[in-house]
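Using the sequences plus the hints, can you model the full thing?
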Amino acid sequence: MCGIAGIMYKNGSGTNPAGRALIDMLDGCQHRGPDSTGFALYGGERSGRLRLRFLVGEGEEADGAIARIQGALAKHGARVVDDERVGSNYRIQVSFDGDIQKLAYDVEHAAKVLSIGSSLEIVKDVGSAHEVDGQYGVGEFHGTHGLGHVRLATESAVKPEAAHPFWATGFADVAIVHNGQITNYWKMRRRLEQRGYEFTTDNDSELIAVYLADKMSQGIALKDALATSIDDLDGTFSFLVSTRDEIGYAKDRLAVKPMIMYETDDLVAVASEEVSLNRLFPGQALNTKEPPPGTYATWSRSI
Amino acid sequence: MVTIDLAATAVREANELIRRHGADGTDVELVNPDARHHLGVGLVHPIDVRIRGSAGYFCAGLTDAARFEVDNNVGWGVGDNMYSGQVVVRGNAGAIPGVAIRGAEIVIHGNMGSRAGQVMKAGTLACAGNANFMAGYMMYGGRIVILGDSGEKVGEDMTGGHIFVGGRVQDLGSDAELVDLDDGDDDDLRAFLDRYELPFKGTFKKIVNAGKKLRYATSERQMRSIPFFTFSQDSEYWNPKIQEDIYIKSQIGRYRIRGYGGARPLPHLADLAFRRDLSHAGRDPDVVAKVALATEIGGLNGANALKLSMPVMIAPMSYGALSASTKRAIGLASTLAGIAENTGEGGMSDAQRGAASQLIFQMLGGRLGWNIHDMNRADGLEIYISQGAKPGLGGQLMAKKVTPELARIRGIPPGIDLRSPSRHPDILGGDDLLIKVEELREATGYRLPVSVKLGAGRVSDDVKIAVKDGFDFIELDGMQGSTGAGSAEVIDYVGVPTLPAIIEAIDALEEIERRQDIEIVLMGGIRDGIDAVKALCLGADAVAFGTSTIIAGGCIACMQCHIGQCVTGIATQDPEHEKRYQAEVESRNIHRFLEGARWQIAALTHALGYSDFRDLGRDDLVALTPEAAEITGLPHEPERRATLPELRVQVG
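Residue numbers (this note's numbering), protein chains in the order written: chain V, 1 to 303; chain Z, 1 to 652.
Since the hints were derived computationally from the structure, they do not count as laboratory data. Check before you lean on any hint, since a few could be wrong.
Said to hold, decoys possible - Cut-off 30 Å, straight-line C-alpha distance, at most; resulting in silico cross-link-like pairs (DSSO-like, lysine-lysine):
| no. | chain 1 | residue 1 | chain 2 | residue 2 |
| --- | --- | --- | --- | --- |
| 1 | Z | 213 | Z | 153 |
| 2 | V | 187 | V | 112 |
| 3 | V | 289 | Z | 201 |
| 4 | Z | 205 | Z | 153 |
| 5 | Z | 206 | Z | 307 |
| 6 | V | 10 | V | 223 |
| 7 | V | 75 | V | 215 |
| 8 | V | 223 | Z | 153 |
| 9 | V | 289 | Z | 400 |
| 10 | V | 289 | Z | 153 |
| 11 | V | 102 | V | 223 |
| 12 | Z | 206 | V | 289 |
| 13 | V | 75 | V | 102 |
Take a look at the structure:
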């Protein structure tokens, strides 16, 4: 029950207005999901540095969560470079070169993690694209690529942690936005849990993220992981996935959930509806493409 | 020609301008469309509309006679439900182009998305490029022309019509087959292509319905007449009903179909009683004048509300399941009682429209009989998602009832065992549903209330989606609702009873603090004014009577509604049977029943100490059984059984 959007600038530079582009695209399809809005933004990477973003709430609740986070980070030898509180979020940058999955599970037990990565930051909350931008300054974000999502909540409650994008818990820099429903969710989740992975929500989008991240951690290319996802996941879906260097999509064989894309020499943009793509190019007739059912593709930024 | 700049004009305003220019006969050009949804919907005049760029969902939807040209792409559902006219798209089309068209010509120069021409009835959908997955899915008639490749499963579950493919036929759908071209096919196709300047030098392959799934292979022997009271006896094991069931299944090798409602005992409104002593109820001869019963439904978002003289409507029942005379009798009775009638599936006849002063027009997945002209003369529009008697399934109308006249209204071949689609072509989630609701509002200038009919299933999720998608009211239907034809197992064993449905619906809306944003009309086995008062106490804004109005109008509950030979002339399309039905007499009987219900509602409300039915609340009720107490959270007071009021007195 939602709208999705993704953009990648091919020049690989971190100065592209990715935040503003995603706000415009999501505003164009806000009718698909009025409850919450979220962004996965990539940029500002520095070697040996890790960015973490948490949902900590307000006041004393937030103070407690931040103390627990700092304790967990210290335990893993992560040194704080800088930190700030934005809205109900806590952003922190650390220098760290240990096992990210172990660190991630520990901090997850300390507070609600929104994202961990060398360049990824996930910003999501209840409200429209413009409201979330107003609270977190998404429009000022410049970077290489990103994903966005608007949500109409059905099965789970309207709260920030149930909004998309979802981070692949335990895997740095992997995020997903998804429109549809995975019907073999519990079967797939049990398989992944037996392999030691932890899930922090009951949302099927988190499952797709962990599924893909697991494949990539085995050395499988994102493109090949997307190919097997079409066979392994049952249900109706159009989803976008992003990593530090790539974005990709996969679409189920029944073609029930919409998706449309537009590519130029400079960028590729993907969205649920053409109306979002036209927000980037007002007044222009775009030569868009609708991916056929059962297909997938990836794009990389030049490094 | 007039130019409208969509960068400066909202779609709603632009559509009103387009309709106004249509009435004047002025052509329109739309600039800066930027793939906005619903462009030109609801237009019923033969003007040219030129769209300078891409259009979004449902471009030219619900129109008749206009000519559209789109310079670039269109989103989902271009030409949705068009009656006549044309659309030329210079770029690509998204999913379900030409969905449910009744006679237009739609030409796509690029490629087209999945399920092209789904449930189309007539007209031509042509594509110069390739089609995608399941082109011609569930089409009933008309012609699809694909100059490129067919895509997978072309013609899946098509019933009628023709699909011509110029490129590769990748894969045939179930019940579709390749046949040789008829004489004249090729000339007709080339003349069409020449008219739209589409060059094509290849040869065509023709795909039609193979005819293996149009009718059940074996028809069902009519069962011995078991009175309903015997049929619903308590024993579930090896009683005559079970024996008959096994015997018939051994002959036909498939599920059985029957009409009427479920026969299993379920928790219901009868398991509730009133908390106060009501032995004095009904003694005041003038009680109807002393209680405020008039109400409005459907006006929360600015549409013209339905005006009801009491919180009661008629439940949706189709012309098709019921005879024209019966629909007329119900319509007349609804007018006399000052309440609203509902078309159900299958279209609106002039007789129905004439008889009912307020008529809701229902849209189902098959779009049978759905069109802009009847939308414009309706008093409310309703999107059917499912019904309580058979949640998750489409309607069924056996061949005997699919007469040429009925087939014409619905736009389907006569004499098929009609199994209507259980899904809408363009509603696959709450996101799509919202865009569809907007299309209906745009096409009718935001005048009409738009409601959703929900069979109780995942009630909590469904009502939350309904309020978020901006519906004006919900017609919530529990498992005790009846049907003209449904699988016997489904009627008895699938669904959620009416009692938990209303509780779950109200709880869900209160959980998200949106109760005040939508109205609920409860139905599903509501038998009389006493049930109605209990439903209102539980939180419904109004109730709807279906089966009880049919019984008031002469139904003998033989459960053979699906056969089409109803001896009372109610559930039949056979003129020999229908002539027994005296619509004028039965309309007065139905009206008398409705007035009785009005008196019951007034008498109970008054006896509970109120002068307005809106003051009724859950505190006025207790539960008589542990189950009902568990479902409703009401106190369990079985001793109240003795104090049930004798309110079955009818007014003269």
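Hint-by-hint comparison with the structure:
Distance hint between residue 213 of chain Z and residue 153 of chain Z is fulfilled; the C-alpha atoms sit about 16 Å from each other, no more than 30 Å. Simply put, residue 187 of chain V and residue 112 of chain V have alpha-carbon atoms about 25 Å apart, close enough for the 30 Å limit, and the pair holds. The suggested pairing of residue 289 of chain V with residue 201 of chain Z holds, with an alpha-carbon distance near 26 Å, which does not exceed 30 Å. Distance restraint check for residue 205 of chain Z and residue 153 of chain Z: the Cα-Cα separation of roughly 15 Å lies within the 30 Å cut-off, and the hinted pair is therefore satisfied.
Distance hint between residue 206 of chain Z and residue 307 of chain Z is unfulfilled; the C-alpha atoms sit about 52 Å from each other, more than 30 Å. Of the supplied pair hints, the one linking residue 10 of chain V and residue 223 of chain V holds, its CA atoms being roughly 18 Å apart against a limit of 30 Å. In summary, the hint linking residue 75 of chain V to residue 215 of chain V is supported, as the alpha carbons are separated by about 29 Å, within the 30 Å threshold. Between the alpha carbons of residue 223 of chain V and residue 153 of chain Z the distance comes to roughly 27 Å, so the proposed pair stays at or under 30 Å and holds.
Distance hint between residue 289 of chain V and residue 400 of chain Z is unfulfilled; the C-alpha atoms sit about 46 Å from each other, more than 30 Å. Taken as a hint, the residue 289 of chain V and residue 153 of chain Z pair is honoured in the structure, with Cα atoms around 21 Å apart against an allowance of 30 Å. Note on residue 102 of chain V and residue 223 of chain V: the hinted pairing holds, with a Cα-Cα distance of about 26 Å set against a maximum of 30 Å. In summary, the hint linking residue 206 of chain Z to residue 289 of chain V is supported, as the alpha carbons are separated by about 28 Å, within the 30 Å threshold.
Simply put, residue 75 of chain V and residue 102 of chain V have alpha-carbon atoms about 11 Å apart, close enough for the 30 Å limit, and the pair holds.
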